[in-house]
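Dock chains V and L with the ligands against chain X, hints included.
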Amino acid sequence: MSAVIENHHDDHHHGPDKGLMRWVLTTNHKDIGTLYLWFSFAMFLTGGCMALVIRAELFQPGLQLVVPEFFNQMTTMHGLIMVFGAVMPAFVGLANWLVPMMIGAPDMALPRMNNYSFWILPFAFSMLLSTLFMEGGAPNFGWTFYAPLSTEYAPPSVTFFIFAVHLMGISSIMGSINVVVTILNLRAPGMRLMDMPLFVWTWLITAYLLIAVMPVLAGVVTMMLMDIHFGTAFFSAGGGGDPVLFQHVFWFFGHPEVYIMILPAFGIVSAIIPTFARKKLFGYDSMVYATASIAFLSFIVWAHHMFTVGMPIAGELYFMYATMLIAVPTGVKVFNWAATMWQGSMTFETPMLFAVAFVILFTIGGLSGLMLSIVPADFQYHDTYFVVAHFHYVLVPGSIFSIMAAAYYWLPKWTGNMYDETLGKTHFWLSFVGVNVTFFPQHFIGLAGMPRRYPDYALQFADWNMVSSVGAFIFGFSQLLFLFIVIKCIMGGKKATDEVWEGAEGLEWTIASPAPYHTFSTPPELPERSMA
Amino acid sequence: MARKESKVGEGQRLKTSLQWLIALAALSSSWQALADWSALNMTKGVTAISREVYDLHMLIFTICVVIGVLVFGVMIWSMLVHRKSLGHEPATFSHSTKLEYAWTIIPIFILIGMAVPATSTLRDMYDASGADIDIEVRGYQWKWQYTYLSDDPTQEVKFISSLLTPPDEYYNRTPKREHYLSDVDNPLVIPINKRVRFLITSNDVIHSWWVPDFAVKKDAIPGFVHEAWAIVEEPGIYRGKCTELCGKDHGFMPIVVKAVEQAEYESWLAMKQQEALQVYETVGKTWTMAELMETGEQVYAQACQSCHQANGQGIPPAFPSLVGQGLAIGPVDAHIDIVVNGKAGSAMQAFAAQLNPAEIAAVVTYERNAWGNNVGDLVQPRAVNALISSEE
Amino acid sequence: MSSDSTYESYYVPHNSPLPIFASLGLFLTVYGGGSLLNEIQSGSGGNFGTTVFALGGLVMAVTLFFWFSKVIEENNAKMYSQQMNKSFVWGMSWFIFSEVMFFAAFFGALFYVRFWVVDWIGETDDVTGGRGPSSMIWPDYVPEWPLLNNPNPEQFPAPAGVIGAWGLPLVNTLLLVASSFTVTLAHHAINNGERKKIVGWLMVTIALGLAFLVCQGVEYYEAYTHYGLTLSSGIFGSTFFMLTGFHGAHVTIGTIMLIVMLGRAMKGHFTKTDCFGFEAAAWYWHFVDVVWLLLFILVYILGT
Ligand code: HEA
Ligand code: HEA
Ligand code: CUA
Ligand SMILES: [Cu+2]
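First to last, the sequence lines map onto chains X, V and L.
Residue numbers for the first sequence follow this note's numbering, beginning at 1 and rising by one.
Residue numbers for the second sequence follow this note's numbering, beginning at 1001 and rising by one.
Residue numbers for the third sequence follow this note's numbering, beginning at 2001 and rising by one.
Certain hints may be false.
To be verified - Short, incomplete list of chain L residues facing chain X, as computed with Cβ under 8 Å:
1) Tyr2010
2) Ser2016
3) Pro2019
4) Gly2033
5) Leu2037
6) Ser2081
7) Lys2086
8) Met2101
9) Phe2102
10) Phe2111
11) Val2113
12) Gly2132
13) Pro2133
14) Met2136
15) Ile2235
Treat the hints as calculated values from the structure; they're not laboratory data.
Being a predicted model, the structure only gives us computed values, none of them experimental.
Even glycine gets a Cβ: it sits at the ideal position worked out from N, Cα and C.
Next up, chain X with everything else stripped away, as it sits in the complex (with noise of 0.2 Å):
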């Protein structure tokens, strides 16, 4: 990605500056993209490490490595830091490289602001895990944190939590606006909104429901900050509030926040699977009714998670019908890739095995959804392992194989090198192993009755529980390996040409490997009408 070399052609731009300040001041999306990509990385890995700390205290019953206090740190730490730092802003990272690319633009529409929005995220960071250092320990109310415990109850560092949680809403407003704005504004002269990539698609709508959701989040943890400052009684009956309050906020953001993981992911798969079946996507068009559909839907469901709160029956109901209607879209979504994969002429390079491997484990994910959706059933799910199962499977074969996936695909056009196949292939398939043999059995763990947030537990889970904090150190040291690749990758190797892999379409294809510093500075002519 630092090879990245100047482009002459572009006479009228300035190549990429020198040293450290080229990252500081950069307005050019690619390095953004570039910085978002790395920072995601650094993120995945620091809370990954915070996942292997806890695998490692749950590979035998009794406490042998941290103290409960500490454990619930590292789970509430561990979540906050994957679904905010790793999987947003790695998205966030692909936009910023890929949409300009596709749509024929020259940036980002608001460059500077682009380079705010990425900045912002290192200080908001910095700031979550310095609380793990101060008096009282970190937020150890769990990544949903629930009133009372994260207000009258919390550790004093939940002020610097509420204000991280308000700068990552800033960074990932700006930066949503950003790519709505690219994309409706800057497609090359002739693109219909019909003619997109469906990765500018999914983005286009994921960054509607950030910007939708991500004020609502800062909302709930200002009524916190009121809460715990200022004697409001929001989230405290003895006022007239309610704690369940709280959650019905919070998980109106925080449902649309899963799908957020999710969409940009669809539309990394949408990209691959056509170029390595070489051919056509299936049914394009019901791809993006089916998206913009699930992104409506989003909006209606939050409360399945809070089946046990006590709703009133016709609550329950009415959010389980409409939980359930998701399958729906979602379900058009896995046939129309099964439809394109078949009669294609099919080769497994490494992203279509990242991306075959979504599909099918994503859909295991999904369908472990579909049943907690299932009220009834949903009261013996509900806070046990199946849950982490479920969203474990959604998220880390879901969304974190998507972005790898993205990553081998696009890292020819970005380095303008072949990254090594057969080390490509080892990372596959120890992550394909390693991912099942850790989240699989959490689905026995949590039907045997262990509820999640458990820092020790009973001898019936034993089993299971070692065998699934081996997986865990598996799946989690295979992404030294794909650390070390793209490293590789960056440094040299195989020279790759402009089109990259046979049978791909867009286009990000037609410019040079490596892409220039600048592209698109004049609008592209667009080939014929094949955009899908």
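Below, chains V and L with the ligands without anything else, positioned relative to chain X:
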């Protein structure tokens, strides 16, 4: 519940086929052979509702597995056959309106097939008929308090139920025994075949009261009361857990419910009521220092140790030390007061609701004289009682 | 996309030090603010927090000043194409949308409390309706709105009364609605190129905005002193002050934006085709106005 009977046979068949699937999955993801299948699946439980839930679970699980097998089957088939390396040429189709309609509409019908039994089970759970016994279940950081409600307040039975497993076991100093982390000192006792209503609430943060065998999981929310009910059909001991993150010892506040015959229940209740009466006598009596210290040590271990630690040092700053500083060596009235009334907005609870005046007097005396605090004074239960009743 | 736009000249700024300073400023502000709050809570000083907070605010203010100056400068140097301006228009619209959602969180909280929680807390033994017999815990509580009898009056002493809709709030409504008209008149003046009128109507708008803020100050003063209606007087006070308070903060920001526009108008900026800065401020002002109307109806008229 007659409707459910027909499902049993079906459930049985499903179960056999599912066990095969689970077995396959287990083999592919692990080298460990687990013989006990029940450890892998949801419990069937001991109430009509819990069995309904179990059947529902098996139904939706089977549907999901079938869908999974079909979808993955198609994908795997095409991965094996439609490969470039086998010389397969790509087809050119990219739309099929018929297919797309089909796979939009068929899932809707499948979903309706799941929603119908789910709705009826849920309605059964929300059934509002009157209860035979009302028990208030109150969550504390990190124990449960049970109150058997009665129109006559003097007949009310009330006690705390907390973890029995000693720290030595979870700190791996002694071997872990059966029911590790799943046993309590005072289990909840209920009669079988009676409709028991649980009125669930909390004193501090949100907890959640879950007994898998009853398919009852309800959040305990401070300031609100939520209800759940169960008619247990078989005598036995049923174990559950707190399932909402409630702080440090969230993993250490199990639930144990003992379901017994009606007669046994009645004699147990009578005994509890008798115990409650005896407390009044102990409060009137004048205690010696040795008696206070002995009882105090026990009470401390049971009620205070989880926060202030066995050596009284606490875990500052969350839980203050009681040694050589603060109220424990300060004015005795303030010391009694914080134990009786707690401190609003902190984990320090109002223990008047959990401990009787004699126990409070004992534990205060203990704190003032243990760990080298040697303040030397002693508190009589009478004094504590006076404080409590003067507030009322 | 309209292919008639002048795509070729889309201006991509070169490196800029502004964002990193803005990030730093933002960080210092919240870090200082957080420290300050915690210092107050624990009763220890407050010097560190105040200093960092003030420093952050300063960095932020200076950076924003340079940032906007830079944008105006670039605009005046005709570096922005039609298409670029469209980016700003979209950007501002989506920003306002995000603000709408921020208020939605608080309106949602009000709605939920008002329509459900108040009754749930007082609910007797009703098994199917709401959330169970919570009146077990609060036997003396009377469900009503506005809530003048909090469940736990020791922790949350209830207010003696609340601010009615037809006094100051009505005045404020008139002020803000009027200001929405005057800002539109200023816009017309820009379109007609009437300099004096632009400045005049802007001044009137700003004056109306300031008058609104003064009235709100008076109203808050009365609430605190006469009614005992405070942030900590239970859920009515909480929702009331958070909604009106954040609205007031937005009026303040809007007024500052208008003052900046006034300065620019005096310098001779803004023409019919080039007045995005003004338009953005005006939209913001309209948005603030609409939020107020919602507040007036939901918080004051229906709420008291
Ligand atoms: C990327 C993130 C992501 C995604 C995509 C999803 C997708 C879904 N989730 Fe999940 N979920 C989370 C992340 C995600 N979830 C997280 C993080 C939590 C826990 C939060 C916490 O408490 O910490 C959670 C928790 C959670 C709960 C709460 C559980 C509990 O706490 O008790 C529920 C309940 O309804 C649920 C449901 C669903 C459903 C129905 C979907 C659907 O979108 C799935 C749809 C997909 C399919 C169904 C598969 C493909 C479809 C077909 C092959 C078509 C044919 C199928 C049928 C007709 C059945 N999720
Ligand atoms: C995208 C989100 C995401 C991702 C990717 C992950 C990844 C992982 N998660 Fe996480 N998880 C969540 C989101 C995520 N999780 C959320 C939201 C929760 C809920 C939190 C809550 O309850 O509040 C949760 C909770 C959670 C739990 C339950 C904790 C509890 O209830 O107490 C567990 C337990 O096993 C777990 C495990 C793992 C593991 C093993 C991984 C693995 O995939 C991790 C892989 C490991 C690595 C990537 C480490 C690599 C690093 C090294 C090998 C060291 C190298 C060192 C240097 C270079 C310095 N997670
Ligand atoms: Cu109590 Cu968890
Ligand atoms: Cu959800």
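Against the structure, the hints:
1. Tyr2010: holds, 5 Å
2. Ser2016: holds, 5 Å
3. Pro2019: This hint holds: Pro2019 of chain L lies near chain X, its Cβ roughly 4 Å from the closest one there, short of 8 Å.
4. Gly2033: holds, 7 Å
5. Leu2037: Holds: closest Cβ of chain X sits about 5 Å from Leu2037 of chain L, inside 8 Å.
6. Ser2081: With a minimum Cβ separation of about 11 Å from chain X (threshold 8 Å), the hint on Ser2081 of chain L is violated.
7. Lys2086: Holds. Min distance 5 Å.
8. Met2101: holds, 4 Å
9. Phe2102: Since chain X brings a Cβ to about 4 Å from Phe2102 of chain L, closer than 8 Å, the hint holds.
10. Phe2111: At about 10 Å, which exceeds the 8 Å cut-off, the nearest Cβ of chain X leaves the hint on Phe2111 of chain L violated.
11. Val2113: holds, 7 Å
12. Gly2132: With a closest approach of 6 Å, the Gly2132 of chain L hint holds.
13. Pro2133: This interface hint is violated because 11 Å lies over the 8 Å limit.
14. Met2136: violated, 12 Å
15. Ile2235: holds, 4 Å
Violated hints, listed in ascending order, are 6, 10, 13, 14; each of the other numbered hints is respected by the structure.
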